[in-house]
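K.L.:
If you read the protein sequences in the order shown, they are chains E and D.
The numbering of the first sequence is this note's numbering, which starts it at 1 and goes up by one.
The numbering of the second sequence is this note's numbering, which starts it at 1001 and goes up by one.
One or more of the hints may lead you astray.
[As the list claims (entries may be wrong)] In silico DSS-like cross-links for lysine-lysine, where the CA-CA straight-line distance does not exceed 25 angstroms: (1) Lys1344(D) / Lys8(E); (2) Lys1055(D) / Lys1010(D); (3) Lys1344(D) / Lys1371(D); (4) Lys40(E) / Lys1010(D); (5) Lys271(E) / Lys1328(D); (6) Lys61(E) / Lys451(E); (7) Lys271(E) / Lys1267(D); (8) Lys1010(D) / Lys375(E); (9) Lys18(E) / Lys1375(D); (10) Lys1284(D) / Lys1181(D); (11) Lys271(E) / Lys1330(D); (12) Lys123(E) / Lys1381(D); (13) Lys1344(D) / Lys1312(D); (14) Lys123(E) / Lys1103(D); (15) Lys1288(D) / Lys1267(D); (16) Lys1010(D) / Lys405(E); (17) Lys1371(D) / Lys18(E).
Simulated from the structure, these hints should not be mistaken for lab results.
Predicted, not measured: the structure shown is a model, and the values here were computed from it.
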Amino acid sequence: MDSVSIRKDLLNMLGEQKVLTEELDLMYYSYDSSFLTQLKPLDPWAVVLPDSTADIQAIMKYAYENQIDVIPRGAGTGETGGSVALNGGIVLDLSNFNEIVEIDQKNMQVIVRPGVVHAELNKRLAEYNLFFPPDPGSSLMCTVGGMVANNASGLRAVKYGCTEQYILGLEIVLPNGDLIYTGGMKARTLKNVSGLNLTKLMVGSEGVLGVITQIRLRCWPKPKARGIAMAVFDSLDDAPATVLEIYQAGIMPSGMEILDSSAISAVNMFKPEINLPEAEAILLFEVDGNPPSVEYEGNVIKEVAGRRARNVEWSTEPQRMAQLWEGRSVTATAAARVRSDGTRVFAGEDISVPLSKVADTLRAIRKLADKYDIKVVNYGHIGDGNVHTAPVINTSIPEEVEQVKKLVHEIHLLAIELNGSTTGEHGVGAVRRPYAEIEHGLAVEYMKKVKQAFDDKGIMNPNKLF
Amino acid sequence: MDFKNLPPVKEQIMKCVRCGKCRSVCPVFAELRYESAAPRGHVFMVQMLRDGVVKPSEEVSKRLTNCLMCEKCSANCPSGIDIHELNAAARSYISQTNPSLSKDLIFDTLWTKPALLNFSTSLMWGVQKTGLQNLARKLGLMKLLPGELPQAERILDAVPLRNARSMIAEYNPAKGEKKYKIGYFLGCATDLLNPDIALATIEVLTNNGCEVIVPRHSKCCGLPQIANGKIETAQRLAEHNSRIFNAYDFDYIVTDCGSCSSALSPKNMHFLLGETEYALEGEKFAAKVIDLSKFLIDVLDVNIPANNNARKITVTYHDPCHLANVQKIKEQPRELLRRIPGVKLVEMSDTNYCCGGSGTYSITHYQTSMKILDKKMAMIKLTGAETVATCCPSCTMQLNFGIREHDMNCRVVHPIQLVRDAIRRKALHSA
């Protein structure tokens, strides 16, 4: 079918408020945060803005009958090209489908539509002394649907884990328009082992199996106290060593983050008021819980980190804590500040390695950056071995673009070589798809069979994930 | 204007990684929720214009102008992109290639000639006072206006008969010992729509040892031109105002309007004149420009005498975008209010949320502007304040309209009016 007819049909089905058909409007959906789409924006044939499960069922039935690709999209903050149309098709912008359907305080649960923004959900939950613990750096803009599709995690995954641990059930529209409920979507239980675990299958499936239209989330009681320690190191190796020593001291911080010297400069350039000290590395520890435990854990961290660190700052003062944590959460994009004529590119930015290999990894990345003569900013969730590397290049210089492609390829291979993964939390999408077979071998064939079972016509977000 | 070689266009577009943080702070996107209304979408479209992927057209302009230019996105961009400058540059580029007679008339001619602007305002006064406006409304003639104007024309406050310039002297000596020589930059909206703010400003400044000169030939600050695709006109205005004010040896150049002080700020003057032969002239001028509340608190440390008989009023303060986002001036207006005897300052939930006015946006995008205004009015209502203070005439007009539309028992003032009243009351009681 040609794109003009598709747009006409969608307009007839959903009305002009919910369908974008003008070429100019479609161009705005040609990107996410990936380097891939920065180099080559990819326009869809149509964009729809559904706000009900019925809308989505109608769209899927139509797409199934006419064999048209459908690409679900949240806030478009992903870094892998996962929410863009690689070869045309219909983009489903789910960010308008954003109702908090029910907050069930008594059962510690909340039901949301996929377009709810993470920070807004936690703001509402706070009124009930609850929270949804995964804490991506993009909290202010990313949608919960996107988090589920990517099994996102973030700064607090070290203690609270990833999104998958909080999904009790899902409502899914399948590629043929069928509606299914997985796990405990229709129950209010916290435990449920009945049936094949389709919920776990859907979480992290990046939109290749169906469209998430409703999510039942488990919430946690909001901790009453919080504290942040900042340890400053003159030697990069001392930072990962300290992380292991903190674990050995019996402490499980809610966050353990690392910033290398370039990341420190970037944060200070973005927010001078944060005023991070210059150092080879900084570790940020967050502890939460009840006040005495926070105080106890803070003291242990001060003592343990103090053995290697030049200085340890401990704060329970809300403004300073907010500054330090914000400093870390904005590093991703503030990285560009280290080079006035450069930008940060999201490529090779999310490898995950064993805890014992973090120091080796950071050293190896620096070596690779020197090899390709590219400035990199390293930061990440060191507590679970998730290293974020931000190459900063001038994208208008073709040689730099080519060099950075080689650099990130080697970073991905490095992760696999160190018994790690090419992605810890940002997902695979289109950009890490070439590594699927190296990472998973024969299992990829079974992944394809699973997709075939759900999506026999191959219309759901094709050419992503594997 | 060489669009493609303007520094922000040349250097900053590349820095946008489309992280989307701007989506989370943009008041327009919060209402519309489609990507062409997101600031990162504007950056993307400017890039497409620069690269020639799209042609400069009215259709592109329609999307780029769906933006308040409130600069909340720029203030929050982790990559440090001046999104508003990119947008302004693109609007101007499109205007150059798609000339519009009405825009030329309004922004190149009318708005750059104070006498003409004053004459038009007087005409408006006549239309309002003679009942012609009401008659036209009753006859349904307003419906003949284009676009959203039939609804938007109601936003305009009652226009005063006399503008500020006709009521104030060019030279106003300091009372008592002279501390500073001040140039008063009288903005168009204060002059024509809120003359009492100008009167209060001069009264308070002169009473506090400032010699105040109001240069007769100053013109518009250029912000309406920047927002409406007329950067070259804004450049000419910036050159003109720099020359006029630099001819004096002022200690400071004070303005009561947040939008004017943002337009005259060093950063914006650099944007306009940085690459021209007037760069130094503009720099010299901008270095002396200061917002009135900042001057009163940080420089003058103004003392408002205590008064046990002061009337108690509850005031809430609305942060104008151009003061809070652009100049980071939030504390000084509040401190000024706190120093006024009898004033109880209560904060609304999101003081820095735009009111949706933003100069001409409320007229060109009435529907969206009203949705944003409704949010602001709900916040104000919750404070229970009987007075809303703000430092921007555009916000004042928009909030006044909100008060009328929401049938609230409330008034909007500039903090300087409360300061003036407090000083006068004390003088009365002392007498």
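K.L.:
Check each numbered hint against the structure and report the violated ones by number, ascending.
P.N.:
Of the numbered hints given earlier, those the structure breaks are 1, 3 and 14, listed in rising order.
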